[in-house]
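Each chain, letter by letter, is given below.
Protein chains: 2
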Amino acid sequence: MTHGLPMTVRDPELPARVRIYEVGARDGLQNEKTAVPTGVKAEFIHRLAAAGLATIEATSFVHPKWVPQLADAEALFPQLGDLAGSTRLPVLVPNERGLDRALALGARDVAVFASATESFARANLNRTVDEALAMFEPVVTRAKAAGARVRGYLSMCFGDPWEGPVPAAQVVAVSRRLTDMGCDELSLGDTIGVATPGQVTALLGDLTGAGIATDRIGVHFHDTYGQALSNTLAALRHGVTTVDASAGGLGGCPYAKSATGNLATEDLVWMLHGLGIDTGVDLARLTATSVWMAEQLGRPSPSRTVRALSHQE
Amino acid sequence: MTHGLPMTVRDPELPARVRIYEVGARDGLQNEKTAVPTGVKAEFIHRLAAAGLATIEATSFVHPKWVPQLADAEALFPQLGDLAGSTRLPVLVPNERGLDRALALGARDVAVFASATESFARANLNRTVDEALAMFEPVVTRAKAAGARVRGYLSMCFGDPWEGPVPAAQVVAVSRRLTDMGCDELSLGDTIGVATPGQVTALLGDLTGAGIATDRIGVHFHDTYGQALSNTLAALRHGVTTVDASAGGLGGCPYAKSATGNLATEDLVWMLHGLGIDTGVDLARLTATSVWMAEQLGRPSPSRTVRALSHQE
Numbered sequence: 002m003t004h005g006l007p008m009t010v011r012d013p014e015l016p017a018r019v020r021i022y023e024v025g026a027r028d029g030l031q032n033e034k035t036a037v038p039t040g041v042k043a044e045f046i047h048r049l050a051a052a053g054l055a056t057i058e059a060t061s062f063v064h065p066k067w068v069p070q071l072a073d074a075e076a077l078f079p080q081l082g083d084l085a086g087s088t089r090l091p092v093l094v095p096n097e098r099g100l101d102r103a104l105a106l107g108a109r110d111v112a113v114f115a116s117a118t119e120s121f122a123r124a125n126l127n128r129t130v131d132e133a134l135a136m137f138e139p140v141v142t143r144a145k146a147a148g149a150r151v152r153g154y155l156s157m158c159f160g161d162p163w164e165g166p167v168p169a170a171q172v173v174a175v176s177r178r179l180t181d182m183g184c185d186e187l188s189l190g191d192t193i194g195v196a197t198p199g200q201v202t203a204l205l206g207d208l209t210g211a212g213i214a215t216d217r218i219g220v221h222f223h224d225t226y227g228q229a230l231s232n233t234l235a236a237l238r239h240g241v242t243t244v245d246a247s248a249g250g251l252g253g254c255p256y257a258k259s260a261t262g263n264l265a266t267e268d269l270v271w272m273l274h275g276l277g278i279d280t281g282v283d284l285a286r287l288t289a290t291s292v293w294m295a296e297q298l299g300r301p302s303p304s305r306t307v308r309a310l311s312h313q314e
Numbered sequence: 002m003t004h005g006l007p008m009t010v011r012d013p014e015l016p017a018r019v020r021i022y023e024v025g026a027r028d029g030l031q032n033e034k035t036a037v038p039t040g041v042k043a044e045f046i047h048r049l050a051a052a053g054l055a056t057i058e059a060t061s062f063v064h065p066k067w068v069p070q071l072a073d074a075e076a077l078f079p080q081l082g083d084l085a086g087s088t089r090l091p092v093l094v095p096n097e098r099g100l101d102r103a104l105a106l107g108a109r110d111v112a113v114f115a116s117a118t119e120s121f122a123r124a125n126l127n128r129t130v131d132e133a134l135a136m137f138e139p140v141v142t143r144a145k146a147a148g149a150r151v152r153g154y155l156s157m158c159f160g161d162p163w164e165g166p167v168p169a170a171q172v173v174a175v176s177r178r179l180t181d182m183g184c185d186e187l188s189l190g191d192t193i194g195v196a197t198p199g200q201v202t203a204l205l206g207d208l209t210g211a212g213i214a215t216d217r218i219g220v221h222f223h224d225t226y227g228q229a230l231s232n233t234l235a236a237l238r239h240g241v242t243t244v245d246a247s248a249g250g251l252g253g254c255p256y257a258k259s260a261t262g263n264l265a266t267e268d269l270v271w272m273l274h275g276l277g278i279d280t281g282v283d284l285a286r287l288t289a290t291s292v293w294m295a296e297q298l299g300r301p302s303p304s305r306t307v308r309a310l311s312h313q314e
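Protein chains in written order, with our numbering: chain Y, 2 to 314; chain G, 2 to 314.
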């Protein structure tokens, strides 16, 4: 940062621009033990937008019983109205009831969350993979009819804590179901963080081979084993230009087997800017936001870049 | 680890085998506030060897005034005699006096440590770059004459806290000096952890362009900004097959501006094994060693893989 670092050296095989899909305000705060006040969430999202993030997942319209941390979605979303012109603010919708709530508040980007494995579909949604997809189909259809853009999250694309390695064919099959039902974009989740770059390249090859264009694929890597950034590099090399990340690395305890440990947006931005890849993000401003949020939460950010930059001034 | 993870998917562009140059016992323990007992060091190195690491930097023959943590080199090295047949045990030697001490104990691998920048040469060695190289020249000559293998460390190859970005030409020039004086191998250090993959690829291209073969180049990345593993991936793609890493991520505080934050050997092994690259390392055994060492030091390992694997059983 200071002294003109990182030094910028382009790699012509990589894309010139990457869209960061910021998940800290939803995926991050959803994993907090106690709910963050609505006003803090709103300020966090405004600060993220001011730092240049153009896509910020805002909240979830899942039933408050399941995710009490985000039970204030109806109160929060209207506080973001001033951002709607310049920032995409996707929200999670698990079912038609959630979609109704989101559309009633004017949401223009929604996301459903499927699983590539039966074990996680059962654990997370209490349904089979097929049953979950059947639940999402009318959500996607109605969201599209209402003019919304739809993202389909796909969990456990690389490994599953109960099933082990996940065959790429299984991921491709569910991905096709999601795009066929109308999802504009997929987010391939390495929910337990076990993927390595060869597996990423192979899965992306299978997906594009099955007719899913790279510009419809986002990647969502977790840093549980420290692999998120090298996996991102492999995905960029394959032409992927949408990368999920969480400001400050928010998203639960990276020590737990139970997954999480999101890729920190700052660590991602450091690499992308070093590679001369445009993100639109002001890293100093983003880091300041994560330092502020860490103060709200009362513990340091797990992002190495946030720690390095905030200790060096 | 459990459940057959990481899944192995080869990338044919990457090498089939990587030599891990383990630095935890020297670079790691050198940064401890209080010296680790000699017996613990010896057990650590024996456990690392039993986990399959074939090159383990053991200690440093620098003057005890500068590195009191390694003042027990004379006592430690003879305790490793049983490993000498199967394991390379390099030691740092700053000058002829250090070389004499190392050779007297039977060391067969030694390393000198130069700087690519004037600022760090001054800070670390209290010399200009030229003066430091002049100091190393007789060390390298005499070590070679004694039949030892010589490594030349080169610090600040990508960025310098005082000078900012480091021009590749400057790194190439010092690298050539080191290989010309007889160093068998170089270790390119990103001492403050600022490099990104394009810069790594560019520097390696310049070095091979200057006649330094890839098989003489090792890389030594720090995880200060979370970039070590993606930089390693870029180096592997360029054909590099020697990678420095520190068991458990030992090597000082990753929060400090003052550098350190070594790439954890376990995080590296996770990626390499996922890529189907042979390392000879037993990851479970290595992780158990780092957990044991963390207990000796009284604090958790910063390695994400160590944390994930040791919490999941």
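Treat each hint with caution, since some may be false.
Said to hold, decoys possible - Residues from chain Y that face chain G, not an exhaustive set, calculated with beta carbons under 10 Å: (1) H274; (2) T280; (3) V292; (4) A295; (5) Q297.
What the hints assert, rightly or not - Far from chain G, some chain Y residues (derived; all Cβ distances over 10 Å): (6) G160; (7) G212; (8) G299; (9) R305; (10) T306.
Calculated directly from the structure, the hints in this document are not laboratory data. Just so it is clear, CB atoms sit at the ideal spot from N, CA and C, and this is done for glycine as well.
Status of each hint after checking the structure:
Because the smallest distance between the Cβ of H274 (chain Y) and any Cβ of chain G comes to about 8 Å, under 10 Å, the interface hint for this residue holds. Annotation: interface hint on T280 (chain Y) violated; nearest CB of chain G at approximately 13 Å, more than 10 Å. The closest approach between the C-beta of V292 (chain Y) and any C-beta of chain G is roughly 13 Å, which is over the 10 Å cut-off, so the hint fails. Checking A295 (chain Y) against chain G by beta carbon gives a least distance of about 13 Å; that is not within 10 Å, so the hint is violated.
For Q297 (chain Y), the suggested interface contact is broken, since its CB lies about 20 Å from the closest CB of chain G, more than 10 Å. For G160 (chain Y), the condition that its CB be more than 10 Å from all CB atoms of chain G is violated, with the nearest at approximately 5 Å. Every beta carbon of chain G lies more than 10 Å from that of G212 (chain Y), the smallest distance being close to 22 Å; the non-interface claim holds. No Cβ of chain G approaches the Cβ of G299 (chain Y) within 10 Å, the least distance being about 17 Å, so the stated non-interface status holds.
With a closest Cβ-Cβ approach of about 4 Å to chain G, R305 (chain Y) is found to fall inside the 10 Å limit, against its non-interface label. Look at T306 (chain Y): its CB is around 5 Å from the nearest CB on chain G, not clear of 10 Å, so calling it non-interface is violated.
In terms of the numbered hints stated before, the structure departs from hints 2, 3, 4, 5, 6, 9 and 10, listed from lowest to highest.
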